[in-house]
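Chemist: Quick note, the sequences are listed as chains B and L, same order.
Sequential numbering of the first sequence, starting at 1, is according to my numbering.
Sequential numbering of the second sequence, starting at 1, is according to my numbering.
Don't read these hints as lab results, they were simulated from the structure.
For clarity, every value in this text was computed on a predicted model and none was experimentally measured.
Fair warning: there could be bad hints in the mix.
Keeping only pairs whose Cα atoms sit at most 25 Å apart, straight-line, the calculated SDA-like set for lysine to any residue is [stated by the list, open to error]:
#1 B/Lys110 - L/Ala53
#2 B/Lys217 - L/Thr90
#3 B/Lys286 - B/Pro54
#4 L/Lys214 - L/Tyr275
#5 B/Lys286 - B/Pro253
#6 L/Lys102 - B/Phe208
#7 L/Lys122 - L/Gln141
#8 B/Lys116 - B/Leu47
#9 B/Lys116 - L/Phe15
#10 L/Lys156 - B/Glu192
#11 B/Lys217 - B/Leu87
#12 B/Lys110 - L/Glu93
#13 L/Lys156 - B/Ser203
#14 B/Lys110 - L/Phe12
#15 L/Lys326 - L/Gln301
Quick partial rundown of chain B residues pointing at chain L, CB under 8 Å, derived from the structure [unchecked claim]:
#16 Ala196
#17 Thr199
#18 Ile211
Ideal Cβ positions, reconstructed from N, Cα and C, are used throughout, including at glycine.
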Amino acid sequence: MSSSSAIPTPGASVKEAANTPGGRLNRAVGEPAWVRRLLIGLAILSLAVILLVPLAAVFHQAFHKGFAGYWAAITAPDTLSAIRLTLIACAIAVPLNVVFGVAAAWCITKFDFPGKNFLITLIDLPFSISPVISGLVFVLLFGAQGFIGPYLIEHDIRILFAVPAIVLATVFVTFPFVARELIPVMQAQGTEEETASITLGASGWQTFWRITLPNIKWGLLYGVVLCNARAMGEFGAVSVVSGHIRGETNTLPLHVEILYNEYDFTGAFAVASLLAFLAVVTLIAKKILERGIRAQLAEVNASKGAE
Amino acid sequence: MSIKIDNVRKNFGNFEALAGVSLDIPSGELVALLGPSGSGKTTLLRILSGLEAPDTGRILFEGRDATDDHVRDRQVGFVFQHYALFRHLTIFENVAYGLRVKPKSQRPDDAYITSRVNELLKLVQLDWLGDRYPNQLSGGQRQRIALARALAVEPKLLLLDEPFGALDAKVRLELRHWLRRLHDDLGITSVFVTHDQEEAMEVSDRVVILNHGKIEQVGTPEEVYDAPATPFVHEFLGLTNLFTGNLRSEVLAAGRNVKFTQEPGLDDKGESYAYVRPYDFEVSAQADGEDWIPAELALSQTVGNIVRLSFKVEGREDVVRVELEKERFRALRVGLGAKLFLKPRHVQVFGKAAKGGQEGPAWEI
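Taking the hints into account, I'd like the entire structure generated from these sequences.
Modeler: In structure tokens form, the structure reads like this:
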């Protein structure tokens, strides 16, 4: 029971209803017990079929040939190379997007300027267009028939079907995550503390490191986690620009596809299990960070509303 | 630090926030900028601090032009309405902030910072709260910490933007007295913004009354209250009754049964505005001599020791508001609907020009 002072009511439904956030569910506005059980049952069933069974299947298939088979699949040279490439892409894309995201959110929430709404829309662009199109944009730019393709070929600079294009595509697709997380947090916090810092003699740089950054740290970490998960898992855009060269331009998701197409199910699922594991870790991290963000926003409200 | 504000103007888009303001503030004075919202008082404060730049005009500190000085270099302490304490820092670190961000060459050592912060926390009588966080403090405590934080860098000028606006009535009253005492102890030139005329009158050495981006009057609290320069000042400083009429031969006729005999020596002003404060009326059951206004009691409310009365006067749309002490009202032994007579003890008369033609007369003869 969420509240010990609630008046006990006879009937079996009381205990279930007690778990609703607002305290005990009012029976006058609630549904009959069988309706509630049916709906909850359906929700759990679909959750299991859509999420839990596939997750279990991934690990089951991965360990189909025992741990040795799993280990062999993961330590295959092509797989290791794919892991390395994915880590490189993330190691470049995530920090870049942290810088972009913080700068964009800072400028959108702390200043007023014409074209602000347009900029906000622009940040969302990678969310709204298909990843395949995002990849194609880079092919159009850097491809042999593209805008600067001939120049690149002339000077022997390889971007398309090489690591730079993979990084660029990853940066583009994951661009909104950090900024999107920070804008609402920074909007709620306003600019008063920064103004106070400046009047106390701090420089803009000191104000950012000492005041702004500590106030947004949870939101920033949250954005980083989501950005990282997407960067590691990105398939569409990277697939278009990578060229699928084994051991060279294959990232983890692309490698899963190649192995699967070659009927190497154990290998495909072993590599997939790595990504699935990443997803689980991301979810847990997300849950922890959300708690931090909530606490930080509650502080804002407390300091604004308090007498 | 003495301050000179020289013909400062500021527009926000089409809105004229300051329409040419000039003001001298002598060193060590506590000045209130008083006005309704949109009068430009906060804009003027932010221009003094450097957070806003004037469109034209100059700001001089000690006779030196500081118009283009950066906020950082002005040596100004700023206290915000909503405190703006740093949430993630302890109270101690909040107060120490201004010292810690000083350039390396001027930054004091830790021992000095510790002793200075403790000294300031003692000054605001909150030295036992050093290791708490802002959200563990009450509003009044937070505002005192905000003041200590602003004082840490030894500002030459202290600016306070509606410092008590977010506090409840009782705490506000305490902090007012406390601020006055603190100012008397430290002697820092201080400017604070308020829309509460009582607060301005009680705390400040001088009151600057602003309206529509212009200064209406500057003076001590007594001066502006007893001799308001414009009808706006009179109206803004408290409840009042307006009578419109013609001033001829020292008699202001304002309706069939309403006339005020002026002190001799007043010029004939023609169409004029006469103001009477609610507590400046005599109330009587009989008209005994000149200038009594027949009136009918329409409403009475007792608030503490005061009875607020509303009277209907023939030919006048607005009621006449009168305040009497409870004892004196009881002595009249009357109820609602009683026919009584009112006589003003003190009338303030303004010519038509002073009114500026912003509002029409409340009623016509």
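Chemist: Does each hint hold? Answer for all of them.
Modeler: Now for the hints, and whether the structure bears them out:
Taking the CA atoms of B/Lys110 and L/Ala53, the gap is about 18 Å. The hint holds against a cut of 25 Å. Between B/Lys217 and L/Thr90 the alpha-carbon distance is near 17 Å, which keeps this suggested pair within the 25 Å criterion. Among the hinted pairs, B/Lys286 with B/Pro54 is consistent with the structure: their alpha-carbon atoms are about 21 Å apart, no more than 25 Å. Only pairs whose Cα atoms come within 25 Å are accepted, and L/Lys214 paired with L/Tyr275 is accepted, the gap being roughly 22 Å.
For the hint pairing B/Lys286 with B/Pro253, the CA-to-CA distance comes to about 22 Å; that is within 25 Å, so the pair holds. Between L/Lys102 and B/Phe208 the CA atoms are separated by roughly 15 Å; this keeps the pair inside 25 Å, and the hint holds. Straight-line distance between C-alpha atoms of L/Lys122 and L/Gln141 comes to about 13 Å, which keeps the hinted pair within the 25 Å bound. With a C-alpha separation of about 40 Å, the suggested pair B/Lys116 and B/Leu47 falls outside the 25 Å cut-off, and the hint is violated.
Straight-line distance between C-alpha atoms of B/Lys116 and L/Phe15 comes to about 22 Å, which keeps the hinted pair within the 25 Å bound. Distance check on the hinted pair: L/Lys156 and B/Glu192 sit about 22 Å apart at the alpha-carbon level, within 25 Å; holds. Between B/Lys217 and B/Leu87 the CA atoms are separated by roughly 23 Å; this keeps the pair inside 25 Å, and the hint holds. For the proposed pair B/Lys110 and L/Glu93, the alpha carbon gap of about 24 Å is at most 25 Å, so the pair holds.
For a cut-off of 25 Å, the pair hint linking L/Lys156 to B/Ser203 stands: about 20 Å separates their Cα positions. A distance of roughly 18 Å separates the Cα atoms of B/Lys110 and L/Phe12; the hinted pair therefore holds under the 25 Å criterion. Between L/Lys326 and L/Gln301 the alpha-carbon distance is near 10 Å, which keeps this suggested pair within the 25 Å criterion. For B/Ala196, the suggested interface contact is upheld, since its CB lies about 4 Å from the closest CB of chain L, less than 8 Å.
The interface hint given for B/Thr199 holds, since its Cβ lies 4 Å from the closest Cβ of chain L, which is under the 8 Å cut-off. A least Cβ separation of about 6 Å between B/Ile211 and chain L falls short of the 8 Å threshold, and the interface hint therefore holds.
The structure shown violates just one earlier hint, number 8.
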